[in-house]
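Asks: The residues making up each chain are set out below.
2 protein chains.
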Amino acid sequence: MGAVKSKRVPRAVREQQMMDAAVRTFARRGYRAASMDEIAEVAGVSKPLVYLYLNSKDDLFSAVIRRESEALVAAVTAAVEPGVPADRQLWSGLKGFFAHTAENPDGWAVLHQQARTQGEPFAREVAAMRAEIMVFVTTLIDAAAKEAGCDGELAEREVAGLAHALVGAAESLAEWANARTDEGTSGEREHPAAKDTAATLMNFAWAGLGRLITGERWAPGT
Amino acid sequence: MGAVKSKRVPRAVREQQMMDAAVRTFARRGYRAASMDEIAEVAGVSKPLVYLYLNSKDDLFSAVIRRESEALVAAVTAAVEPGVPADRQLWSGLKGFFAHTAENPDGWAVLHQQARTQGEPFAREVAAMRAEIMVFVTTLIDAAAKEAGCDGELAEREVAGLAHALVGAAESLAEWANARTDEGTSGEREHPAAKDTAATLMNFAWAGLGRLITGERWAPGT
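Read top to bottom, the protein sequences are chains A and B. Here UniProt numbering is used: the first residue of the first sequence is 1, the next is one more, and so on. Here UniProt numbering is used: the first residue of the second sequence is 1, the next is one more, and so on.
Bound-form chain A, shown alone:
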């Protein structure tokens, strides 16, 4: 990267390279310890150019949060099969979520571990993205209840609680799936496949531990 000639690269491309470098650096060093020197070095550009294009470390962090939030929401939205029953929509959304977080571990670490707790305005950006996903999940749980003919059975407050439980479970599983390595099986895949993680959560969420334990499973076809 260091050999790229600055003048030949369009600004938009250069900015994406800087943000790629920033995501990686923020994820690995943490927001506080990440330096603009390192970000510039990873991006293969000079530090003044980073400041010229993205203004400050705060602005760069904000830009990164916005880009990674939009990418995550877009991935989940694109993954959901429209028009199918709510449980299938949830299943396809979960697969999309775990595939995206597995493919973008640094982006996920920035959103989940860094951005939420570095104060404003960063926390607000992530909270807005999380709220968007929460509305989507709440709508699906509501739709599933209506499809089952149980309108009104689940109180509105409980549906909101269930959505928060499900999103929290997905976040925790994504962190776990990205962090763990299978010791003693070097050479093999280090992380569980996104589809397996999605299946674990879908079974947990849909069938519950009680049914899982007695060997019952949720199945996409039913």
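Derived by calculation from the structure, the hints in this document are not laboratory data. Given the structure is predicted, the values throughout are model-derived calculations rather than measurements.
Identical chains share a label here; the pair holds if one copy fits it or two copies do between them.
In silico SDA-like links for lysine to any residue, alpha-carbon gap of 20 Å or less:
#1 Lys-57 - Glu-38
#2 Lys-146 - Glu-216
#3 Lys-57 - Pro-121
#4 Lys-195 - Glu-175
#5 Lys-146 - Pro-85
#6 Lys-57 - Arg-32
#7 Lys-195 - Arg-157
#8 Lys-57 - Gly-119
#9 Lys-195 - Asn-104
#10 Lys-195 - Glu-156
Chain B: place on chain A using the hints.
Replies: Positioned in the frame of chain A, the structure of chain B alone reads:
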């Protein structure tokens, strides 16, 4: 508090007052913005006394994380009924968790929102506490599977995944329960009762969305 005479109060008591003030300040301002001036003022002592007793803001933060982690683990451990079936143990543990986080919202905010992402050594302290709870939940899920005569039915990897899903769901729900207020019902209780939150999660975890939607519930007696 400001009128308390420093010399009459034993050091151990004074330290707890400082930590109480620190928990409140870290939770409300965030780690970075919290000042030793404010902590001293809230504790009703001089800033030099805070430094004398607890050395530095970092050391104070570490002491607070340790105290709040131990209190949370102790509350969950004490709540669990030993010797009963695994689902009842899980239920009593969840009730203990949500009761403790509802009664100690600042302590929970420090552990969940502040400590995890301020780098080392803070993140390690919270990770150790979380790992302790994870072992407990993993053991319960394992025990439940064995009680149901389904030894080996759930793969070890999947049990670990389920434990992470359940703990993540509980964390997200505790944050939600502490944050939300019932608009338009001023004068009434602002937060859902800990027992209701525990019931929402237990139903979600044990019975699953599928059964919840069709009106089936997990019940403590079965």
